[in-house]
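Please put together the full structure from these sequences, using the hints given.
Taking this note's numbering, the leading residue of the sequence shown gets 1, the next gets one more, and so forth.
Think of the hints as simulated: they come from the structure by calculation, not from any bench.
Watch out, some of these pointers could steer you wrong.
[Unchecked claim] Distance windows between CB atoms, simulated:
| id | residue 1 | residue 2 | range |
| --- | --- | --- | --- |
| 1 | L43 | T3 | 15 to 25 Å |
| 2 | Y41 | T5 | 13 to 23 Å |
| 3 | D32 | G60 | 36 to 46 Å |
| 4 | D32 | P9 | 39 to 49 Å |
| 5 | G10 | V71 | 17 to 27 Å |
Positions of the beta carbon are idealized from the N, C-alpha and C atoms, including for glycine.
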Amino acid sequence: GLTATAIIPGVDVNAVIGGFAGALLFVLWAHDLTIARRVGYLLASWVGGYYAATEAVGRGATQFSGLPALVTAALI
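This is the structure:
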């Protein structure tokens, strides 16, 4: 899966990894949710973390996208 995203032009692999890690942290701490809701929140947090990190890099707030993606995905 990760190798496939690396060959797609325009995809920031650091943001993909950071977003997934942050979303995974969020889902692992949410014990009171059902499995279906956890999967939904995982996907939403992952996409939100990726989008926020690429937006932060695009606006010049940071040069690296991995850590902003992780933090944003964990907080969404």
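Now for the hints, and whether the structure bears them out:
Between L43 and T3 the C-beta distance comes to about 20 Å, which sits within the given range of 15 to 25 Å. Distance hint check: the CB atoms of Y41 and T5 are about 21 Å apart, consistent with the given range 13 to 23 Å. Take D32 and G60: their Cβ atoms lie about 39 Å apart, and the range 36 to 46 Å holds. D32 and P9 have their C-beta atoms about 40 Å apart, which keeps the hinted 39 to 49 Å range intact.
As the Cβ distance of G10 to V71 is approximately 23 Å, the hint placing it in 17 to 27 Å holds.
Checked against the numbered hints above, the structure breaks none of them.
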